[in-house]
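Peer 1: Chain by chain, the residues run as shown.
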Amino acid sequence: MSDYNDEGSLLRPLRALSFLGRPAVTEPLEPRLAAEGYRGFHLNEHAECVGCSSCQKICDNAAITMVEVPELPNDEAKGIRNLRPAVDYGRCCWCALCVDICPTGSLSLSKEYVHTCTQEEIDSYFMLPNETGMHGTFYGKGWQKTETSDLLDLQRQEMGERPAELRVDNFDEIVDGFTPEQAMAEASRCVQCGMCHDACPTGMDAPEYIRSIYEGDLEQAVRWIYQSNPFSHVCGRVCTHRCEDACSIGVRGTPLAIRWLKRYAMDGVSHQRIQEITQEQRAAESTGHTVAVVGAGPAGLTTAWDLARKGHKVVVYESRQQPGGMPRYGIPEYRLPYEMLDRDIETITAMGVEIRCGEEVGKQVTMEQLQQEYDAVVLAIGLHLGRSTRIPGSDHAHVRSAVELLRQVTEEGTIEVPEEVVVIGGGNVAMDIARTVARLQRQQWGGVKTVVTALEAEENFLADPAEIREAAEEGVTICPSRGPQECVVEAGQLQSLRTWGVCSIFDQQGRFAPHYDEGDEQCHPAGMVIEAIGQMSNADQLLGDMLTERLEWDRGRLQVCENGRTSETWLWAAGDCVNGPDVVHAVADGHRVATSIDEVLRGALKHA
Amino acid sequence: MNMDAFTPWLDALCGRIDGMVVACSDLAQRRSRIDLPSEELTTLLEAAKGEMGFVHLSAISCVDWIEEGEFELVYHLWSYEQNQLLSIHIRVARDLGRFQSVYDLYRPAGFFERDIHEMYGLYFEGAPDMEKFILTEWNGPPPMRKDFDSEAFVGETFDWQQYNPEWLQEIVAAGGGVVVPPTEQRFSQRKKVDGPDWSGDHPQAKRGQE
Amino acid sequence: MRAENYQQINHPPSHAFELNFGPNHPGIEGNYALQVQVEGDTVVQARADGGYLHRGFEKLMEQRLWIQNIALVPRICVPDPSPMEVCYSMAVEQIAGIEVPERAQWIRVMQLELSRIAAHLFTFGGHAATTGMYSPMFWGVADRDLILDLFEEFTGGRIYSIYNLPGGVRRELPEGFLQRVTDTLDYIESRLPDYDDLFFKNRVFIKRAKGVGVTEQAMALEYGVTGPNLRAAGLPFDVRRDDPYLVYEQLEFEVPTEEAGDAWARTLVRRSELIESIRIVRQVVAALPDIGGPLRTPIPNPLAWRVPAGESYARVESSKGELAYYVVSDGSEKPWRVHVRGPSSMHAVQVLEELVKGGRIEDVAQTMFSLDACPPEVDR
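Order-wise, the sequence lines are chains A, B and C. The opening position of the first sequence corresponds to residue 1 in our numbering, with each subsequent residue numbered one higher. The opening position of the second sequence corresponds to residue 609 in our numbering, with each subsequent residue numbered one higher. The opening position of the third sequence corresponds to residue 819 in our numbering, with each subsequent residue numbered one higher.
Be careful, since some hints might not be right.
Stated by the list, open to error - In silico DMTMM-like links for lysine to aspartate or glutamate, alpha-carbon gap of 20 Å or less:
| id | chain 1 | residue 1 | chain 2 | residue 2 |
| --- | --- | --- | --- | --- |
| 1 | B | Lys754 | C | Glu880 |
| 2 | C | Lys877 | B | Glu759 |
| 3 | C | Lys877 | B | Glu733 |
| 4 | C | Lys1025 | C | Glu880 |
| 5 | C | Lys1152 | B | Asp755 |
| 6 | B | Lys657 | C | Glu1040 |
As the list claims (entries may be wrong) - Sample of chain A residues facing chain C (criterion: CB under 8 Å; computed from the structure):
| id | residue |
| --- | --- |
| 7 | Asn5 |
| 8 | Glu7 |
| 9 | Arg12 |
| 10 | Pro13 |
| 11 | Leu17 |
| 12 | Arg32 |
| 13 | Glu36 |
| 14 | Cys92 |
| 15 | Trp94 |
| 16 | Ala96 |
| 17 | Leu97 |
| 18 | Ile101 |
| 19 | Thr104 |
| 20 | Gly105 |
Calculated directly from the structure, the hints in this document are not laboratory data. Each residue gets a CB set at the ideal place from its N, CA and C atoms; glycine is no exception.
This is chain A alone, in the form it adopts within the complex (with noise of 0.2 Å):
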């Protein structure tokens, strides 16, 4: 406590005259450069910018206006827009809370202190932040992203999974789907760019129903997903996720599991629940028109579940047993347990679309017959035919196409597998038919001896990298840069895959044309070789020869206009047999193909 009675001093303050000796404090006059870690004006680095408008969504202050550059890339695939954010000065408050959510770590701020204009100059506070900044001259950057100031969970919540030892011998499903906590926590990680529904080929509304899982409604996310997807636990399984290639999380750490959310959100709702909510969605009246949809796949079904909302009466011809196309025929269960695939079916019957399993058309039913009876007909007959490398020996009874034995084991349950299997081919469909075989072997050999050859380099593989890891730990052995020449056949037994090193695949000019090592040389054993090269599709049985002539054809492949409309004008063609191989593009195809379709009905769109 100070003392109350000190009257202090008249003369002390004068000691402060000593002051007038000392050196003056200068400050030189030309800018003075802010300490590293300031937060100045913004830097953006534009090569690195995703336009995902993240910043712009943390920016209370409506500082952050996304501006159109028409020069810089724009790629949907690849989640990259044109789009970069320019800063209002007059509004931001320098809290860099936008570079520490920025996704990709392009945003920072400088070591600027000063921006000052007169009234008629006012436009130089919005501008758009490049590398160099907001006074063209690059002063180093200031606050930058750091390890504790990123605001972004960058890892993903890892999917429990059935260990390889524990799926080898059994086709039981292999991921265990999301727990409720884990749902909850990979939602939240979403910044809800949307880049994953510009992705999508079916424009899934991915954001709302990531959001409505957070929210804890799973009722509006199946909403939201039915609204673009009517195979939406087959797509919660099995989809190629373009989504996830284009999330923005995924720059800088693994993107969201959008797919496993979905699959979430649909195993989160009962059966007959989901079937009450697509429901809603169907018209009240029947239009009383009629379509034929030849093909009971992802595009055929997807076709007809639309115009049957609409209310057109729809019919659906499948020659097989069953209903559900490649999903069924050709991916195996232990991705994609067929029933999951019954219920999406069931759904869709629900809705009012007519199966007829086991009418094939070509057979017990005729195109002309089609067209006569109904108002449209689409074809939507996939791809069920295998290619053929066509090597010498490839015509040998036990040189077998992937689709057909993966067919083979759907509709039989299981087969007879030899001891030593070679697969030809580096996609998706040599992994399932090389798991499946490799499961077969387990049972009825007690081991795998399953060997995948392929072109390509294994980072260049067109499986997916997930798939291609599954593979090897369940015993599948990966042999990269191959090429097939020769099965060998000795006293009509198939002995082996000869085969030899890859130096390249394409020539100068891109086209396909390998350059082999002939001194690598390698013979694979073999009691079967699986060709999984690519599909085809057989339509002129189906069509008869009249249409076949009629209709126009490019290299096999059946030539529509960008509403899937064929030259003839009461027919449509989707998915497989237009696109090649996708079920995400399949389902894309099927709305496309019939909201034409619909149009045509109703007499909206004449043709010309």
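Place chains B and C on chain A using the hints.
Peer 2: Chains B and C alone, transformed into the frame defined by chain A:
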């Protein structure tokens, strides 16, 4: 004063005052909460101040629970003797719009009640001064009420600064320009979307045709 | 208030004049006004008039995501912004049940105490100016700038640090920073004799300040006065010691008091406090190298973060007194209610009106500065 006296006092008080609930009492964190019927407030305050030395009214907070049609008033009391903070929560009907002042017991209430009246429109009977203080020239509704949309008010009242710098003109000339103005993306202000629009065509199908 | 809206105070005919003290007046801290009625040199009545700095912070905070408010709260008190962000963070942490890593707690203490030193230097300067002494004012402002240099270095901002997030602090201290803190503290300590010569022991100041704006302890308690103003009336209460938060329990410091309760006592309490703050920062500087670990408990993606439903009343001791945040969450992405209890809302309104009454006109400004009234805390 004996530090151990607080909890027994609280317990005893529950017997004396109808409807009083000790919602939580964490002596280590020095925080206790009492929920109380509003008509018992004065009784409790008198007891707290007189018996336990809660002489310091740290604040009166008002919370608008619009869906329940109630204002919650929270009286934060501190006892210099007990080193405990006591929060007394009462609810007042929003429509009624009036409540009794505690200025006679606590002078600081003069400021807080005046502030609540100004911001929430809740009148305190017996307060010395219910005149405007902060919003002297405001004639609109009490702005802190949840049904006052300040964002809408600002939108109607003020203009956005319009900029047209050279760099933007160049981008516009090249075919680009402003695509997402900040008002459409501010996360805190985004509209809650009820659900997908089932009517009409699949969005992607439409997009393909554009 | 605009001039056209000005209304006369009703009073009986007298020799009294009305004087508008502010909102723009060198003797007013910030933008604030006192409508003063004077007879001769004597103030007979005064009425505080606020609202000039009202920006609707509490309303805005209800419309922002939980962490967006961090950019907002420091603006509530310009001279001493750090307690705002720490207190808001603490309130949110209490509701969400987030533990703050130890290192972050120590750094927060350093931030708070540096901010207190800067605020007190500013107030000395202001108080000196109101007694006609401008050199201490320049000194106070210039020496405060050295603290701001430190803030710039470790938080990225000179005034508005925006350095805290619920869960911890945003970045690591720069290389060699603690040494520079020590150097600056050494310098400020070395300046205290100069301040004493020119200000605290200056007979002009002592004569002017003694007996002005007296709050006796009973009155201070009655009016809810806190902080240095309460301690100047002899009650050794300090939130840091008596309702401890962060790591204050592990630190050694005194709670200085004076008895007189006048302008002189209040300013001398602040002088002692500044020395205690330097002492605290030195302890933090000594301890920090041995305290490792993370700086922040991660919070979920801020665009999606929902704080569980609940409420909390967080208090800190700011340079002005007891600062408190009452935060209510309804479990959504934004606070349902944030009530800022600025310490100045007590001593800048009812107390100030009471204290200037009966005093002389030239002491009005001094009274306000000696109370360290901070109008934006009142207006919010």
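Peer 1: Taking the hints in turn, state whether each one holds.
Peer 2: How the hints compare with the structure:
1. Taking the CA atoms of Lys754 (chain B) and Glu880 (chain C), the gap is near 9 Å; set against the 20 Å cutoff, the hint holds.
2. This hinted pair checks out: Lys877 (chain C) and Glu759 (chain B) have alpha carbons roughly 10 Å apart, not beyond 20 Å.
3. The straight-line distance between the Cα atoms of Lys877 (chain C) and Glu733 (chain B) is roughly 25 Å, outside the 20 Å bound, and the hint therefore fails.
4. Under the criterion of a C-alpha separation no larger than 20 Å, the hint pairing Lys1025 (chain C) with Glu880 (chain C) is inconsistent with the structure, at around 48 Å.
5. Restraint check for Lys1152 (chain C) and Asp755 (chain B): the C-alpha separation of about 16 Å stays at or below 20 Å, so the hint holds.
6. The hinted pair formed by Lys657 (chain B) and Glu1040 (chain C) meets the criterion: a straight-line CA distance of about 12 Å does not exceed 20 Å.
7. A least Cβ separation of about 10 Å between Asn5 (chain A) and chain C goes past the 8 Å threshold, and the interface hint is therefore violated.
8. Given the 8 Å rule on beta carbons, the hint for Glu7 (chain A) holds: about 6 Å separates it from the nearest Cβ of chain C.
9. With its C-beta approaching chain C no nearer than about 5 Å, Arg12 (chain A) sits inside the 8 Å limit, and its interface hint holds.
10. This hint holds: Pro13 (chain A) has a C-beta 5 Å from the nearest C-beta of chain C, less than the 8 Å allowed.
11. Interface restraint check: Leu17 (chain A) against chain C, minimum CB-CB distance 10 Å, threshold 8 Å, status violated.
12. The interface hint given for Arg32 (chain A) is broken, as the beta carbon of that residue sits about 11 Å from the closest beta carbon of chain C, more than 8 Å.
13. For Glu36 (chain A), the suggested interface contact is upheld, since its CB lies about 6 Å from the closest CB of chain C, less than 8 Å.
14. Restraint check, Cys92 (chain A) versus chain C: the minimum CB separation of about 10 Å is more than 8 Å; hint violated.
15. A hinted interface residue such as Trp94 (chain A) counts as satisfied when its beta carbon comes closer than 8 Å to some beta carbon of chain C; here the least separation is about 7 Å, so the hint holds.
16. Below 8 Å, beta-carbon pairs count as interface contacts, and Ala96 (chain A) has one with chain C at about 7 Å; its hint therefore holds.
17. For Leu97 (chain A), the suggested interface contact is upheld, since its CB lies about 7 Å from the closest CB of chain C, less than 8 Å.
18. Using the Cβ-Cβ criterion of 8 Å, the hint placing Ile101 (chain A) at the interface with chain C is satisfied: the shortest such distance is roughly 7 Å.
19. Interface restraint check for Thr104 (chain A): the shortest CB-CB distance to chain C comes to about 16 Å, outside 8 Å, so the restraint is violated.
20. For Gly105 (chain A), the interface hint is violated, since its Cβ never comes within 8 Å of a Cβ in chain C; the closest pair sits about 15 Å apart.
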